[in-house]
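Could you build all of it, start to finish, from the sequences and the hints given here?
Chains as they are written, first to last, in the numbering used here: chain A, 2 to 334; chain B, 18 to 483.
What the hints contain is simulated information worked out from the structure, not anything from laboratory work. Hints are not guaranteed to be accurate.
When the alpha-carbon atoms are kept at most 27 Å apart in a straight line, the in silico DSS-like pairs for lysine-lysine are as follows [unchecked claim]: (1) B:K138 x A:K111; (2) B:K292 x B:K305; (3) B:K293 x B:K305; (4) A:K114 x B:K446; (5) A:K144 x A:K195; (6) A:K111 x B:K71; (7) B:K446 x A:K111; (8) B:K454 x B:K138.
Interface residues of chain A toward chain B, partial, derived using beta-carbon atoms under 7 Å [as the list claims (entries may be wrong)]: (9) A80; (10) Y87; (11) V90; (12) F91; (13) I98; (14) V102; (15) Q190; (16) P296; (17) G305.
Chain B stretches covered by chain A per the calculated footprint, using a threshold of three residues with CB under 8 Å from any CB of chain A [stated by the list, open to error]: (18) 97-104; (19) 107-115; (20) 317-331; (21) 423-431.
Heads up, the beta-carbon is just placed ideally off N, CA and C, and yes, glycines get one too.
So the chains spell out like this:
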Amino acid sequence: MEQPFDLTLIWAGIIGFGIMMYVLMDGFDLGQGILFPFAPDEHTRDVMMNSVAPVWDGNETWLVLGGAGLLAAFPLVYAVFLPALYIGVFLLLAGLIFRGVAFEFRFKAKTSKYLWNWAFAGGSIVAAFAQGAVVGAYIQGFKTENFVYVGGALDWLTPFTVMTGAGLVAGYALLGSTWLIMKSEGEVQAWAYKLTPRLLAGVLFVFAVVSIYTPYVDPLVKSRWFDSLSLIWALPVLAMYCAFIIFRSVQKRDEGLPFVATMGLFAFSYLGLLASKWPYIVPPNYTIYDAASAPESQLFLLLGFLFVIPIVLAYTAWTYWVFRGKVKSTGYH
Amino acid sequence: MDLDPLILSRIQFAFVVCFHAIFPVFTIGLASTIAGFETLSFKTNNPVWQKLSKFWIQVFAVVFGMGVVSGIVMSFQFGTNWSNFSYATANFLGPVLSYEVITAFFLEAAFLGVLLFGRDKVPQGVHLFAAIMVATGTFISSFWILAANSLLQTPDGLVLIKGMYHVVSWTDALFNPSFAYRFAHMALASFLTASLVVAGVSAWFLIQQREVEANRKALSVALWFLLVLAPTQAVVGDFHGLNTLEHQPTKVAAMEGNWETSKGVPLLLFAIPDKKNQTNHFEVKIPKMASFVLTHDWNGEVPGLKDVPIEEQPPVFVVFWAFRVMVALGLLMIGFAIWGLFLRIGGKYYQSTFFLNGLRLMSLTPFLAVLAGWIVTETGRAPWLIYKQMTHAQGLTPSLTGGMALFTLIGYIIVYALVFSAGIYYLLKVFRGGLEKANKPHELDSIERPSRPFSAAHAALEEGEK
Chain A
2 MEQPFDLTLI WAGIIGFGIM MYVLMDGFDL GQGILFPFAP DEHTRDVMMN SVAPVWDGNE
62 TWLVLGGAGL LAAFPLVYAV FLPALYIGVF LLLAGLIFRG VAFEFRFKAK TSKYLWNWAF
122 AGGSIVAAFA QGAVVGAYIQ GFKTENFVYV GGALDWLTPF TVMTGAGLVA GYALLGSTWL
182 IMKSEGEVQA WAYKLTPRLL AGVLFVFAVV SIYTPYVDPL VKSRWFDSLS LIWALPVLAM
242 YCAFIIFRSV QKRDEGLPFV ATMGLFAFSY LGLLASKWPY IVPPNYTIYD AASAPESQLF
302 LLLGFLFVIP IVLAYTAWTY WVFRGKVKST GYH
Chain B
18 MDLDPLILSR IQFAFVVCFH AIFPVFTIGL ASTIAGFETL SFKTNNPVWQ KLSKFWIQVF
78 AVVFGMGVVS GIVMSFQFGT NWSNFSYATA NFLGPVLSYE VITAFFLEAA FLGVLLFGRD
138 KVPQGVHLFA AIMVATGTFI SSFWILAANS LLQTPDGLVL IKGMYHVVSW TDALFNPSFA
198 YRFAHMALAS FLTASLVVAG VSAWFLIQQR EVEANRKALS VALWFLLVLA PTQAVVGDFH
258 GLNTLEHQPT KVAAMEGNWE TSKGVPLLLF AIPDKKNQTN HFEVKIPKMA SFVLTHDWNG
318 EVPGLKDVPI EEQPPVFVVF WAFRVMVALG LLMIGFAIWG LFLRIGGKYY QSTFFLNGLR
378 LMSLTPFLAV LAGWIVTETG RAPWLIYKQM THAQGLTPSL TGGMALFTLI GYIIVYALVF
438 SAGIYYLLKV FRGGLEKANK PHELDSIERP SRPFSAAHAA LEEGEK
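See below:
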């Protein structure tokens, strides 16, 4: 069927946008869980959890929307990534379930509170690590034959993916700490200020390793970045500028800017990664066009997405507006 | 030991889907129940309806939450364990499952919040509208899921091109031959589930003499519904069976335990089907009854399992017995409905402790019946994943090993056991709190609390709190 516009490209945009929204938004609430074991006291944990409680499940909406959209628009991604990352997907789901349940029950618990603290922290760390490993596995590429994954169960688990996993744990923790700076005050905020530069250092280290390693494993990436000086170099430069702003704004005790700059750091790194790999969606063999579903199916679902995405965005904006400002924690017993 | 990834994946899928299915089947019916209570409250201004609605909304919130959590795992199962199947059917299943997600989100974003938390913030009419929209939304969700399942049973509107199905007609694919029957059967099952749970819980409150006026009304409504729904379900089930006979004769043969295609086939009340020897042991039968039920003619022809080679026959024992469990539970429901009617004529249905205790136990039966029914239809399709087109073995993820499948099977069992025992434990606390607790203004945490499903329930997790 001839289409007047490139549906596959539109869908790549939608999925790319969805993943971006997910990483930025679920990132800072996963970050609370990652920082949970290091919190100085129970009061701080109350503030941390309350700062994200109204919005976290809305944030995870983007994961489910993205997952469903992938099956519909790029089934090859779905049918290669999930088998290849089989164990990792299980860990991701188990982690998300545990922390989701911890959200619900920690508020209602008294004597069993410490159990839910562990569930929240453990679930968040495992889920963040699994997501980071997925990014690493995407950079590594997948062993495929004839549109089918033919590698082993743990091919994805390499020193590189362990590092990207740990890197994303640090990255989400950074989003979490800068979010907390914005949403808290007093001792909690002071603690978050103290954490941020250390986390930033960890993130930058992983950023550097990935930047060196990626062109090394993939000749396409190498030629794209090094054959001629292209515009894409602006992306890592902007990312570094964001890192600088985070560092400086923390020193100046700015409240909102560290979080905004961290989102910028994530966004430019993400775009840089996409610029490296484009148009390969199942590297090293398949592009977005190889992975696409039939145009009539892409069109059928596009109508629904165009209807629902503005509603989800409006709902999200409204929730954030309602719960704007500092978290008040007085009188919580 | 050789671990078979196919068997393990099937067990895992069955485990996860059975666990998931019990939640939506309840929430779909309960959403309509709540909409009903809200409508009665709006029209009559009798405060008991609002009391009931407030309590059942809390139950709904908790069950809905558990349904969402278990459903997320479902949506990844297709890719992890059945990637060949997912890839081949993505042009249809992708959009259909996505539309289900869209429906659910739209529902949650727009109306669930108003239903759960908006009672004092919006006009009563708006709140009622939200309740009706939530109920409608649950049906739209189940529309997509059942269309997807029905397509596997009776594929239509698709064409296979280079290993991928393409949708030729969305109408034929969505409204495939078995869809309408399956949808009606499941809708009634959801209503029956809600009726029996409401009846059972109200009966339990009445035994304890709690909120007698409201719970008596709830029990009365639930019993009227049961009286209409249970026999209707038998009729709809019969039509569904006839549809299966037309499109999937081997499944019906397994349900009847009938090996040879023949006329005047007896209805087996008891038998031990033996697939290996292609025969039954210890048959107890009613002569010619199966022919009569299936063809409405005492000498009608009923298909036999031997019409297809043994490797295309489903696990007969499982299908045969699951079907009998479902039918027996259905008849038990009809029995209780009639018993309730007789007690009502005597004016004593809310006083007979014997009857009320019976209803308490009956509140578990719809869940068992639904699971048994799904086992009949899913196992009865075996070895086909897409009927007559793709087997389970062909749909399996090629790279999957037995060890991987065993790892996640054990993993999911542990996760579900931990998470859902906490959920069920909490649900029982909400039940124990009853209408009294649901209607007591609860002390608000001074922290601004999030508005999510579980937050609608006020019970504390441990004993002796609050």
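Consistency of the hints with the structure:
no., hint, in the structure
1, B:K138 x A:K111, "violated, 30 Å"
2, B:K292 x B:K305, "holds, 23 Å"
3, B:K293 x B:K305, "holds, 26 Å"
4, A:K114 x B:K446, "holds, 18 Å"
5, A:K144 x A:K195, "violated, 43 Å"
6, A:K111 x B:K71, "holds, 25 Å"
7, B:K446 x A:K111, "holds, 15 Å"
8, B:K454 x B:K138, "holds, 21 Å"
9, A80, "holds, 4 Å"
10, Y87, "holds, 5 Å"
11, V90, "holds, 6 Å"
12, F91, "holds, 5 Å"
13, I98, "holds, 6 Å"
14, V102, "holds, 5 Å"
15, Q190, "violated, 17 Å"
16, P296, "violated, 10 Å"
17, G305, "holds, 5 Å"
18, 97-104, "holds (count 5)"
19, 107-115, "holds (count 8)"
20, 317-331, "violated (count 0)"
21, 423-431, "holds (count 4)"
Checked against the numbered hints above, the structure breaks hints 1, 5, 15, 16, 20 and satisfies the rest.
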